[in-house]
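With the hints as constraints, model all of the structure from the sequences given.
Residue numbers (this note's numbering), protein chains in the order written: chain A, 7 to 297; chain B, 809 to 1059; chain C, 6 to 290.
Incorrect hints may have been included.
With a Cα cut of at most 30 Å, we get these calculated DSS-like pairs of lysine-lysine [unchecked claim]: (1) A:K12 with B:K879; (2) B:K816 with B:K894; (3) C:K15 with A:K177; (4) C:K101 with B:K907; (5) B:K879 with C:K15; (6) C:K183 with B:K894; (7) A:K177 with A:K290; (8) B:K870 with B:K901.
So the derived list for chain C, only partly shown, Cβ under 8 Å to chain A, looks like this [what the hints assert, rightly or not]: (9) D16; (10) W51; (11) I54; (12) S55; (13) I113; (14) T114; (15) I218.
Ranges of calculated distance between the beta carbons of each label pair, as one might list FRET restraints [claimed, not checked]: (16) C:L42 with A:G185: 50 to 56 Å; (17) B:A985 with C:A167: 54 to 60 Å; (18) C:H47 with A:Y34: 25 to 31 Å; (19) A:L234 with C:N12: 57 to 63 Å; (20) C:A136 with A:F44: 21 to 27 Å; (21) A:D170 with B:K925: 49 to 55 Å; (22) B:N948 with C:H47: 35 to 41 Å; (23) A:Y34 with B:A985: 43 to 49 Å; (24) C:A167 with B:N948: 28 to 34 Å; (25) B:L954 with A:D170: 38 to 44 Å; (26) C:T114 with B:K925: 46 to 52 Å; (27) C:N12 with A:S105: 23 to 29 Å; (28) B:D1022 with A:P112: 52 to 58 Å.
It is worth saying that the hints were derived from the structure and are not from the lab.
Computed from a predicted model, the values in this text were never measured in an experiment.
Ideal Cβ placement from N, Cα and C applies to all residues, glycine included.
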Amino acid sequence: MKIPEKFIVALLALCAGLTILVTAGVLYTLASEAIRFFSEVSIVDFFTDTQWTPLFTEKHFGILPLLSGTLLTSFIAIFFALPIGLTIAIYLNEYAPRSFAFRIKPVLEILAAVPTVVYGYFALTVVTPFLQGFIPSLSGFNALGAGFVMGIMIIPLISSMSQDALYAVPKAMREASYGLGATRFQTAFSVLLPAASSGIIVSVILAISRAVGETMIVAIAAGMQPSLTANPLVPVQTITTYIVQISMGDVPHGSLEYRTIFAAGISLFVLTFALNNISFWFKKKYQQKYE
Amino acid sequence: MSQKLEAKNVNVFYDQTHVIKNVNLSVKANSVAAFIGPSGCGKSTFLRLYNRMNDLIEGFRKEGEVLLDGKDIYAKDLRVEDLRKKVGMVFQKPNPFPKSIYENVIYGLRIRGVNNKKLLDETVERSLRQAALWEEVKDNLKKSALALSGGQQQRLCIARAIATEPSVLLMDEPASALDPISSSKIEELIYELKTQYTIIIVTHNMQQAGRVSDTTAFFYLGELVEYDTTKKIFMNPSDVRTQDYITGRFG
Amino acid sequence: MNRIQTNRIKDKAFQYFGVFCTFFGLAMLAVFVLDVLRKGIHRIDWDFISNLPSRFPEKAGIFTALMGTCWILILTAIIAIPIGVAAGIYLEEYGKRNRFAAILEINITNLAGIPSIIYGLLGLEIFVRIAGLGQSVLAGALTLSLLVLPIIIVSTRESIRAVPRSLREASLALGASKWQTIWNQVLPAGGGGILTGVILALSRAVGEAAPLIVVGALAYVPFAPSTPLDEFSVLPIQIYNWVSRPQQGFVTNSAAAIIILLIVTFLMNGIAIYFRSRWQKKVKW
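See the structure below:
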């Protein structure tokens, strides 16, 4: 009876250890193909060239247009999601009855559960035509509509994490403010938000990371033209959509074009990895504050 | 009568905190020993040494010897699962499993692979009778244990503990979470059970200790201040701290 | 108007704004669902569900994609659930104080933050090429299994952490070993929570398109897969394919396919929420 139990524990540990292999696999995959890519393309060009045209006869391998497309759509998403998400967090934490706040949370989570192709369809066929009514110069594919819809998807991420951060503010601090005659609004903005700011920053960083890695919404609604621009009204291409574009076509394995998706992939990985770890570091720091 | 349980020069540490200080204590077979003392005095910790439940706590460290029937229960070759079969435990709050009454009682047998229906049925009846619960539940053995009242749940937990036929029964404030009537039922039960088991009971309730126990140990700040017959402890304690505690409690 | 009044008005105004924001996202979703229903519901009939893909929008159906989604769902469940639950148990119950567990923990947090398309690149290189599985439904399911593994692990851990200590102690005090206690008490008591996490993870897998596109799921597959090594498509990829075409007929098709996909997703999420609320009630004994 003693030996089988040890065997079971070993099996469990093996399953847990498998997650290390996943990370190793990701690193190996990205690095091995990217190294081959960078043996043919100069890393300086990769970061400084302002054009990304791997499929043309005159090839340019500058990641900047893809990066700018990625950041542009992400920032549009955050621009919409942050005020809304934060307001929801404050409202549910300070104004709404506890039972309502408790019940609405899983309902808001539905926004994050809708498949992203569905959001993409929404951005392309509903939001963009609607916006074109106000902005005639808006292209059929654009960063604005895609970013806006992405923002809706990200709302629950920001609201739920910010709510946790606001909730963690010591009760005494809140009571002190109310005791001095402050309204809920004043308490929220002059006491709670500053006190919970690091937690809110964590939620924003994670939301950016989520937006940066988002694929299908931008693939459907933001277009496939890499261009180094901050104009939200024209088509852009993100790192993720480029990978989709190549995967949908038939680029022969082992070719330089094939390797470009791994070079794009490793850029994306480094970006999200950095964002995630900055947020973990921040989180650790602010958790210590009230312990 | 022989010494059922012996503790020799026992010290317990949680990380750096010294919670049990050099305790020597023996309990005779088929007697009831009560551990009393203010909260945090180490009496529950000491109780949990006898079935090694402290092993589960991070940072736990023990020095000295704890013997059951003359054998070291912390010996390397001893399986803690076998020890806990011999030393049953009843907890402060009733903690039945979210299963039927029947399945609760036979849990200790099931995990040892006993599947003989007749033996299981007999065990259920015997244990529930001993725990004075049989008459109340005999028609509802398939009912969820969570549907029972608090007092019934605690008696079920006692039945569950004695189903594996232990020789020692540890009780950690078994009646503190119950109403007075349920509480007195548990006390009666303890009185009956001691013919078959050696019982150690941790309690905050002085009257209870006085009523049910043969010997009483008074713990204070991790030390065993005094250990003697219950009569002596309550009538004529040798240590002034014991006196203060007991009289303080009685007002 | 004095200062206190202004403050009160601000307070009240923000309250209404709060209500507005809380329902803003949901209202957008509602608008959208209605729009999709309006555009697509008339297209849904038995033919739409049972027809193979076609160049003609009126004849095209989602049969192969739906079957592909079923294959992905089942294979992912078979692969990811045992591994994820086992890993969760190990981390929560056995790996509390060792270095290995500390590394695993950081690792899993990071895995959860990797964009899904990167998992696609992993699957393309490891499963499709090195393991030689080709652009098969098995390669897709393995890829998605790795993607949802962190979700299952984290929810397993949270569920078994919520199991009261008294239950474990009761079992251990009766002489049960650690594993017996986990198997007989902790897992059944935490089962509702684990189930919730598993369903949410699978719902995520059903909605994913990006990693499968990279792995090589095809937009056009003439037949439903009959073995795990067959080529495949899934509903989200079918939708992506249709929505990118200029003809209005295909956009209608994509709306109809979205209705089917949303039904599946909402159903799975609804079941998960139901289990979670039931389980939360049960845990408080």
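Results for each hint:
no. : hint                            : result
1   : A:K12 with B:K879               : holds (26 Å)
2   : B:K816 with B:K894              : holds (20 Å)
3   : C:K15 with A:K177               : holds (23 Å)
4   : C:K101 with B:K907              : holds (29 Å)
5   : B:K879 with C:K15               : violated (75 Å)
6   : C:K183 with B:K894              : holds (17 Å)
7   : A:K177 with A:K290              : holds (21 Å)
8   : B:K870 with B:K901              : holds (26 Å)
9   : D16                             : holds (4 Å)
10  : W51                             : violated (23 Å)
11  : I54                             : violated (18 Å)
12  : S55                             : violated (22 Å)
13  : I113                            : holds (5 Å)
14  : T114                            : holds (7 Å)
15  : I218                            : holds (5 Å)
16  : C:L42 with A:G185: 50 to 56 Å   : holds (51 Å)
17  : B:A985 with C:A167: 54 to 60 Å  : violated (21 Å)
18  : C:H47 with A:Y34: 25 to 31 Å    : violated (50 Å)
19  : A:L234 with C:N12: 57 to 63 Å   : violated (47 Å)
20  : C:A136 with A:F44: 21 to 27 Å   : holds (26 Å)
21  : A:D170 with B:K925: 49 to 55 Å  : holds (51 Å)
22  : B:N948 with C:H47: 35 to 41 Å   : violated (57 Å)
23  : A:Y34 with B:A985: 43 to 49 Å   : violated (57 Å)
24  : C:A167 with B:N948: 28 to 34 Å  : holds (29 Å)
25  : B:L954 with A:D170: 38 to 44 Å  : violated (32 Å)
26  : C:T114 with B:K925: 46 to 52 Å  : holds (49 Å)
27  : C:N12 with A:S105: 23 to 29 Å   : holds (27 Å)
28  : B:D1022 with A:P112: 52 to 58 Å : holds (57 Å)
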